[in-house]
Amino acid sequence: MFPANFGYAAPRSVDEALQLLSKHGEEAKLLAGGHSLIPAMKLRLSSPRTLIDLGAVPGLRGVRLDGNTLAIGALTVHADVGSSDLVRKHLPGLAEAASVIGDVQVRNRGTIGGSVAHADPAADFPVILTALNATFVLQSTGGSRTVTADKFFVDYFTTAMEPNEILTEIIVPLPPAGTGTAYAKLAHPASGYVVVSAGAMITRQPSGSCTAARITIGGLGSGPVRAVASETELQGKALNAQNIAAAAAKAAEETDPDGDIYAGADYKRHMATVLARRAIEAAVKRAVT
Amino acid sequence: MTTEHISNGLIGASIRRVEDPLLITGKGCYVDDINLPGMLHLVVLRSLYPHAKIISIDTSAAKAIKGVVTVVTGAELPEHLNINAQVMFPGQKIPPHPVLARGAVHAPGTPVAAVVAESRAIAQDACNAIEVEYQALPSVQNAEDALKPGAPLAREELDNNICYTAVKKGGDVDKAFAQAEHIVRMHIVSPRQVALAIEPRGIAANPDPMGKSLTVWLSTQGPHRVRADLAGTLGMPENKIRLIAPDVGGGFGSKGPLYREDVLTCYFALKLRRPIKWIATRSDDFVTTIQGRDQAMTSELALKKDGTMLGLKVRVVANLGGYLQSSTAGPPQRMMAMAPGCYQIKDCHVEVVGVFTNTVPTGPYRGAGRPESVLNIERLIDKAAKDLGIDRLEIRRKNFIRPEQFPYKTGVGMEYDSGDYFKSLDKAMKLSNYQDLMRQRDERRARGEIVGVGVSTFVEPSGGAGFESGTVRIERSGDITVITGSSSHGQGHETVWAQIAAEMMKAPMDHVTVLHGDTYISQQGTGTFGSRSAVVGGGALATAAQRVIDKSKRIAAHLVEAAPEDMVQADGGFAVAGVPEKKVSWRQIAAAAYSGKIPQGMEIGLQETCFFDPRREAWGYGAHVCLVSIDRETGAPTIEKLVLVDDCGVLINPMIVEGQIHGGVAQGLGEALREQMIYAEDGQVLTGTLMNYAVMRAGDMPPLTLGETVTPNPFHPLGVKGVGEAGTNGAPPAVANAVMDALAPLGIDHIDMPYTAPKLWEAIRQAQSDRA
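Residue numbers (our numbering), protein chains in the order written: chain A, 210 to 498; chain B, 2 to 773.
What the hints contain is simulated information worked out from the structure, not anything from laboratory work.
Heads up, a few of these hints could be off.
A short, non-exhaustive set of chain B residues, derived as facing chain A with CB atoms under 10 angstroms [what the hints assert, rightly or not]: (1) Arg-121; (2) Ala-122; (3) Thr-282; (4) Ser-284; (5) Glu-634; (6) Thr-635; (7) Arg-675; (8) Gln-677; (9) Leu-687; (10) Thr-690; (11) Met-692; (12) Asn-693; (13) Thr-757; (14) Pro-759.
Within a straight-line C-alpha distance of at most 27 angstroms, the following computed DSSO-like cross-link-like pairs (lysine-lysine) qualify [claimed, not checked]: (15) Lys-306(B) with Lys-387(B); (16) Lys-410(B) with Lys-428(B); (17) Lys-169(B) with Lys-347(B); (18) Lys-251(A) with Lys-67(B); (19) Lys-399(B) with Lys-384(B); (20) Lys-459(A) with Lys-760(B); (21) Lys-64(B) with Lys-251(A); (22) Lys-238(A) with Lys-251(A); (23) Lys-387(B) with Lys-642(B).
Virtual Cβ for every residue (Gly too), placed ideally from N, Cα, C.
Isolated chain B (complex conformation) (with noise of 0.2 angstroms):
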């Protein structure tokens, strides 16, 4: 496949984005923003258990109050009304999924009764006023608990806690080991994550006077996927239903499902037929919204004494929650997929062990699966090189794919791409100023800190899922619309497309308008997750874009009488080649074509529309290394020096990839220094709300050196790779190594993440009165 790679002019400018004007100054529209005449609000009471049955809910205070409209309990809702999870694995188990509990509740969180007034206010004071008696039932947070003979059943409806076991294997992994020089056995877990988007989930629903149709304003990442779903549950035909997805603050994977107060709020609107809305508070997000990682793995790496790697096998104990969201069983998934890294393990052997708890249901979080997998195979070949007491960018080098290997099967059966895995070791080898630091740090050492380095060399495979679908066309002014399937949630999609459409179209790029976010306004369209817009509504737009380009070549050619092979692309439209001033405007060649005066037999209009699935994921990759210091005293970790080095093929606009990789490092270095969601043994939420929970904040950030290797993936039409996950994939076990590094010299070995203060001190006191 050949292609042709455009690296001047728009693609490749850092571009200010164009929506951050009103944005920045309060001007956005999000779903709190919608406010309709008569509009009614929905509040929903939750169970502060995590697992009880219902005895008995008397709403009759409740519906006495003045304001209230319907105050509707699990029983008294129509059966089909559900949350259906796709099916991801042979014999996956899924237990209800009603919108309202119906006698019995799993997770904190579960909605027991949901009250619509006509205020949010009295609403909830209506919430207030329900009585529930519980019976308390008992109940498993932890997944690998949950798998020991007698632990309680997450489910009582099921035999075991197990929701599904998936393997995935390659080579012969017996062999592999037997012939194994050295065996390394980590046991891994990655915290449990919220995904913690700045606007929290909200919905508003409006049904048509008529009673036909529904038109819904949601805070989600994928308008079509969620109105498939939508559609499913209330058993009303799709295109009946208008789902737009406005101004939406974030998302990192949590708003890509249907949930149940989405199901809920349209159900009353179509009942009562008045428009309602229901806005999450922040104290809903965390206990309904899915959460991300807790995955506990166990794995054991066979290698040589060289260093060379043998086999890999790991057993990964994921912690699905007491729900299935449409995809929950998903992140493991992608763990197993991306077990071996960036090495050449041929014998592989991963299993997946998916698990029902009373917790809070996980999902995609920015990463879904890729950090987990990233940090076990980076803390295991740390951990292989310190026991082999070889170099550490050594045995990476010795296991490294090589460029001249690409296409390459992994011992899971993925194909990567295209890479340079030692490139951009190299850069990150360069940037950091390596050998320095780590002169730095026994230097440092010898005067009793406690410093180290780390280093995590990873893939970030982007676009799945499926197609995206872009179309462009002409107005009749010349102008260019833009039209995708992959809406924002603040990833800058709007300057973006603007850019790839005006660069290949040699328009301004005020010129382009894109559209995005309405069901009624743009075709079939998959959603903006797993760093796939640039990759596949990339692709679906540029294709889109390039039918237009040659069909107006056409059109060119005929106004002015010439051979389309003559005609070459001009600013703003065509000229004949080696005659410039014989132009064609977009706007003549617009007039042209829908007035009818274009080559014989050929369509009136201007417009394409390009589905477009590579069948083929991107892989991406980076190197990030890291210099952390510990405060003996205290145990507070300092990250002094954070390099990031990605790959993610050809840059559309850098500064969003700056953004992007920021962002992701900002959500990584939470994982691995701070935030956990925390549930007490009986399973009371410990971290609800941002008092207890410590997301990072801006000043929390420590100084970030960025460098970048452009390696074009092949098998794309602009050479892009997704890179919206790269900093949470990365820089995690970058700092894991670090802490690890430092903690060395101690005599400690493994410490999961998050390293809060009070968790090194501990540890370091541990190891020093060990040693004592």
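Bound-form chain A, shown alone (with noise of 0.2 angstroms):
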């Protein structure tokens, strides 16, 4: 439980991280809350040369109103976004993602960008994020560039981004009226991580009809999977249970996902329907108009 020794470094801005971050290379590893960093160091499955600090770069904390958008600075932690009024009031389907992490103790610890840059097939933001169209800041020292949720995360530990990049900031626009958002998790009883969650971002016409559905299945595979066949059939469709049960039902038919010790495969597609289910569900009653 010691990792193997490595060296440290704690800029005091982002273009001073970046500088170190070319410096160091792929040899370097970024340290925002740690809390999945640190244990792979102490069990050496991750033995980077230098850890570059961020814990002390100014300006990557907190989420602010930035026009029609929510930014959500990388560096804050689970607990501040799910706390944060701004998240709770336009994106409580994010709120609710963010208080079902871990431990309390991860939630103070852990940070948005932390979770997402490490895209742990097993985490509960991506597939939230994913379901709320959220896009990505990157910064090298070459400037800065934005990647969308559907192309960020694009394999188990692998985003798009580059090793020379910091992810600085997450931008969630804020849904159009009569939308809510949800999340719905069936945890690992161990570890608090997802064996299978779904997020739901719905819109509905003060008809009661779905105009828009964005709807993400966490756990069954590399990261999480857009429920395309659940929002087509969901689309243009009276938001009832029939129909909600009926759209949720498609919702494991993009995976193929590896049964495990805990859970079957099957168990997996099944708890996926349940999961979206539950999460268009809640969502649908969050969409007042």
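Work from the hints to combine the two standalone chains into their complex.
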């Protein structure tokens, strides 16, 4: 339970951090909350030569309203995401996801940017942020670019980030009127990680029919999966129990999960439909026009 | 035997634990808090293979690392450095258990090399630099599989995988089965659990500069027993080792035996003449510390149609793991001794086969055979009730040992001291509102819900394994010192012993100091396990206190020139009966005792020691009731109500008793709902961390309703029985019976614990497709 020897740097600005990152290259790791990286280092699953601690970099924390988006600093801890008035008001599904991550200690130290950049297939934020159509701001010495959630999560623990980039901010568009968001999760009884989860963003017309739906499933693949069949099924339909159930029943169609010692593949696929239904129902309830 | 049970005052009071202010403010002193100048650190390299030959070990790179003091393999150690198991059964096979593997490994986690270095981090680096070449051998993990013809040999030194076979029988079981009108047959497996003390194992050893003696700090449940084992292995006189159990953060049975790392640490300390420390990581603990349960029980219960039990046959296949710890063979023995539970079954045949597999050794874990046994008989009786169409309470009452039959000799030859099983079941019925619970169940079922109610009634033997010691000393100042051989690892001994001494001596509790856990302070002792401390340690202490009181009474009488029989105990000492102002305080008595102002012929001093062995166990008991609902959609079970009525005789500190029940129930519910140590088919450990082994946490606990009945133990000076394991015994079968009751309408007969949501969902789906 001791990491291998490593160097440590604590830059005071994003620019300084970027310079350190280009200097050390792939042998360096960025340290945010450390709640995935440090355990991996202690188990020697990860042995970076240098840790670049972003903790002292100003300007990377907090949630602010920016036009018709919410901008969330990458170093904002889960507890602050979950308790932010802005998040709770505009994106209750995101607050819901933040509140079921790990335990209190993890939520007080782990950061949204760290979770997103780590891209653990059993993490919560990638699932809900994909449902919310979030965009990630990546900075490098060459400037900055943005990548949408749909394109960001590439594979197990792999994102569209380049090794010389730092994730600085998460931009979530404010949903249009009549939109509700929700997150539903089956947590592993030991780890608290996602076995299966579902995120939903549903827009309903005053008439009661669905005009837009983004539904994502976590835990069944290398990252969040859009339940396209469910989304299509719901489009234009009245948001009643029967139609929601029919749409949710298709939630696992795009997936081919592996079974593990806790849950078999059939159970996971079944739970995807259950959780998708629960998330859609909760989102619809919140979609007050 | 007449006993006087004190039921007022301090005995029976829910006194807050005196040890807690230190422990909960981080001021406790655990082994890892022992830091000595020049201390070295031991780290052990472990095999990931469950079973393999060691072809070669290259330690050269490790030795070259700066700060490394020594790197050693099994071949370089003296051959006498082994862990020695107790012979518990005739013919028991005891294959070698060296402290570092010699030529082969037989379980994952087996130490293959040891590094001592200036820091723990350096030692870890050096461990990672050791190259070991293995040749994998076929392995076996499941004990029943290990008995099949052609199964791989877990221990290639042996002809088969059987460590021992033992039988306990009584009456004429064949005759009983010949008369049977119905026979219930079941196959039940108890899941393997990890003991998971919050403080992992650890040891620090400091040799004296002359190399003649050794001080050891060990996270242990029994300093004296483990010292004897350590001395035997090291070849050192026992009394040259001072073994200290400082604050110990839980054990649950797993910190009873001597482990390989304990021997290694002491060996290197003596050899290098430096203090050394070894602290287990959680990962170490998962693959080296003895695990519990893992018994497969194949049973037949013979009955008359009216539910009268006639005979019981049980065959237990017990998974012992790859090596024997001192007490590995023990839990199945306990299982045998209580196979008939609280029922009159005189014709019994119980056979245990202890089996070697390539898994982490098992051994006593809270309950240690009791939970397996209760699970077995309580599932059998529920199935019998279902088969015969008899109410489950009626069938239990029909077969209960009746109060007037105590002391009662069971079909497997144990003598139960006392009890009223009817009373405890009645109390559980009342507390749980049982009739209402059943009505609720039926109404909810009619609405399509999956709901069940389960009951378990059980016995809890406690206070075995020989003697315990207690010393009571009145110091010159009149303060009271209590020295016990039964050291605490979280149970609250310091509080409870002070309560007993203060009550008996009519002194304030804060005049009592309790010393324990240091072999240089206390007389020989046995330790804390098997629900034994209150019974055996308490008995020793009460007897020693009584001897001090008897002597003091004579001194007090001498001081006021009265006859001893005219003296009575008064607050803070003695007084002449009927003349309360003619008082002698403990301080005056102590002054006289040490200055010689004592009756002629009396020995100076005021200290008495008792080695107490009740020579029989104390049989607590109880009745638990559970209401469970299962989410049809997810399979997730929810315990909506859990009522626990326990009888542990006289309660010394009811709050501590409640805490013991809470803790036991938590571990019992872990077994019932979520915990299981799993090995892959190739023997790899799949649940070796808290990321995948689902231990119960505080937030996972359902609300508990506790109740009690009090049947004083007629064979004990304080009237007490043990309670430490009651929760692990009674709660899991109550949950199992409730879950099976819930699933009965679907045609499901039996599922083994743990009842995880995916497992129940799969069973429900299967049952529904079978019916369709």
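Structure-inconsistent hints, enumerated in ascending order: none
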